[in-house]
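Quick mapping for you: the protein sequence lines, in order, are chains A and B.
In terms of the working numbering, the first sequence opens at residue 90 and continues consecutively.
In terms of the working numbering, the second sequence opens at residue 1042 and continues consecutively.
Note that these hints are calculated values from the structure, not bench results.
Yeah, the Cβ is synthetic: ideal placement off N, Cα and C, and Gly gets one too.
Take these hints with a grain of salt, some might be off.
Output of the computed footprint for chain B on chain A, the stretches with three or more beta carbons under 8 Å from beta carbons of chain B [to be verified]:
#1 161 to 175
#2 275 to 289
So the derived list for chain A, only partly shown, Cβ under 8 Å to chain B, looks like this [what the hints assert, rightly or not]:
#3 Leu238
#4 Leu242
#5 Pro253
#6 Thr256
Just the calculated beta-carbon pair ranges, DEER-fashion [said to hold, decoys possible]:
#7 Ser91/A - Thr1440/B: 45 to 55 Å
#8 Glu1167/B - Phe244/A: 40 to 50 Å
#9 Glu1167/B - Asn250/A: 37 to 47 Å
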Amino acid sequence: MSSREVILGSIRSHLAASPPAELVQSVFLPEPTPPTLRATSVVDVFKESVEAVDGHCVVVQTEEELTGVLKNFGGRIAISDAPLLNRLGIEPSRDNIFDIDVGITTAQAAIAETGTLVLDSSRERNRLVSLVPPVHIAIVDASTIFQTLGEALAFIHQDGNISPAVTFITGPSRTADIELTLAIGVHGPQELYIIVNDGPALTR
Amino acid sequence: MNQLSSETFDKNAKAALADVQLRGALRHATSLFGKRRLEAARSLNNWEELRTHARAVKDEVLLHLDRYLETFVANAEKRGAVVHWANDGTEANAIICKLARDRNARTIVKSKSMTTEETHLNDALEAAGLQVVETDLGEYIIQLAHETPSHIIAPAIHKTKRQVAELFTSTLGMPPTDDVAQLTRTARATLRDRFAAADMGVSGVNFGIAQTGTIVIVENEGNIRLTTSVPRIHVAVMGIEKVIPRLADLDLFLKLLPRSGTGQRLTTYQSFITGTKRNVDDEGPDELHIVILDNGRSRMLAHPVTRQSLACIRCGACLNACPVYQQIGGHAYGSVYPGPIGAVITPQLIGFEKTAQLPYASSLCGACREVCPVKIDIPQLLLHLRSEITSNGSKRNATERIAFKLWAKVMVSPALYNLSSLAGRLIQKVMPLAPAWTRERDLRPIEQQSFRSLWKTKLSHE
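The following block holds chain A by itself, in its conformation from the complex (with noise of 0.2 Å):
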């Protein structure tokens, strides 16, 4: 007999051996939207919610703004293949993935109540450049901004179907293994700029 058909028979035989119980449905709820968000735009509190985690946002309107925030970062920088990014004319350093100061993708959603990225592998050569670097800036587009968690589970899980990688980013990379101590940057970032476009979308 295989390990498979061991353990669903000891399940199966463990199930039936214990005293029959009533057949729970769980049903799944949504959250009420906490009242404190609804009177502040979505930008608004999405960008208090980036900061709160040790992020940095900056707000823009039009790609010439978001040029001239990008031109603040030197260095080595590596770019995912987001059309955006190939259009702004980034000239991406050659080197070994390790060896960049600066990686930048996009978003393809964000969720307001937790200041979370959500980053799509099948829509964009993504998982390296945000994560490897010690600097990632993600651009998002205003518009691509979830109030919630569960509408962002939602998005990710659009038509039945789902990327073989996504991730939720929310700030840079942390740490407290040492005496409960926050150190930001272990693995990750150390430095995570998250640029929302206000204006028309970007990134799409």
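With chain A's structure known, arrange chain B on it following the hints.
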């Protein structure tokens, strides 16, 4: 290895109580974790509702665990994952060692996984001549120190920064410092090379989504993302109880887990991994292997009380809330899983023979039940296990059985009761009662007059 045994829990606990440094570290950590958890729970207006729902989801899964597992596996395989089933730790380790050997993987990076601690995977890999590096900062520290984790989510909680600095100086040649940021940078730099060179990454799994075949792993450091993105092979080890029905259920669990564990609204990273990449040129590993482990878990399904052990999402909140853990820390339990949840799952996983002291390592105060995000009634489980231990008739409890039989006789007979309270009063004058109990506590002197005699002489006339 200074691995303690559960058999010697009483001794381990006494040694821990005498360790001033350890108790300072524990007091600091458990109170801070507790405070942050409370604030995070209060930041939601429906915390209790979330707990109830999350538990209902877990109960639903556990009652139909075979079907949910089959659905999970079918969906993961459809997306290119290779699923392996392991009855016990030895089988799981053998599967992983064989994968590494067959694919000529020499360097293995690991992210934190309590399940692989449970199977002692590192020992097995090293015995097979493979190099394995723990990459979570806390796990890396204890690997360098040849120790075991003392907390489910903060493995090196028992160490001070000075001890970590001394360890890094002696093993990594780092110049002496007690700056936590510097210690962290040193670990980052050392581990970067390991990631770049690794052939295989081994991770745990927080949630397996039946609906999509997705594995979800949560973290703060980024080492899980590196482990699951950089090497060409990713092996994920998952206990059978990790499966949940739908992706949408994460709206419950991703709210409960980080808030209960570290007091965060969300941990820094959540990785949702579904099968393998679609095109050869895409980023990510070529192969995804999921090892599904039973190792004694399916036995717990046999009774509603023990079944709830499998609802645990490994947040560690019960450790921080437990007055016993707060004093003695994780190592005294002598098992991979410490604290209240460890005291109930360890005996169920490996049997009572070496663990019979663990269900007694509790004052039954109920703090663990209060903080549990999935409402596991740990005191009820402890009592259930105690009753199983006593009905097995171990010698340790023979005296207890006689004592309680006697107590029952005395309590139903007024004459015997009067006699015994008189005797107690007299004996207490010449010798201490219950010397083991009073070694570290005070026993109030028994009143010179009982309520009954007071009533007869005075109170009834008032």
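For this structure, which hints from the list above don't hold up? 1
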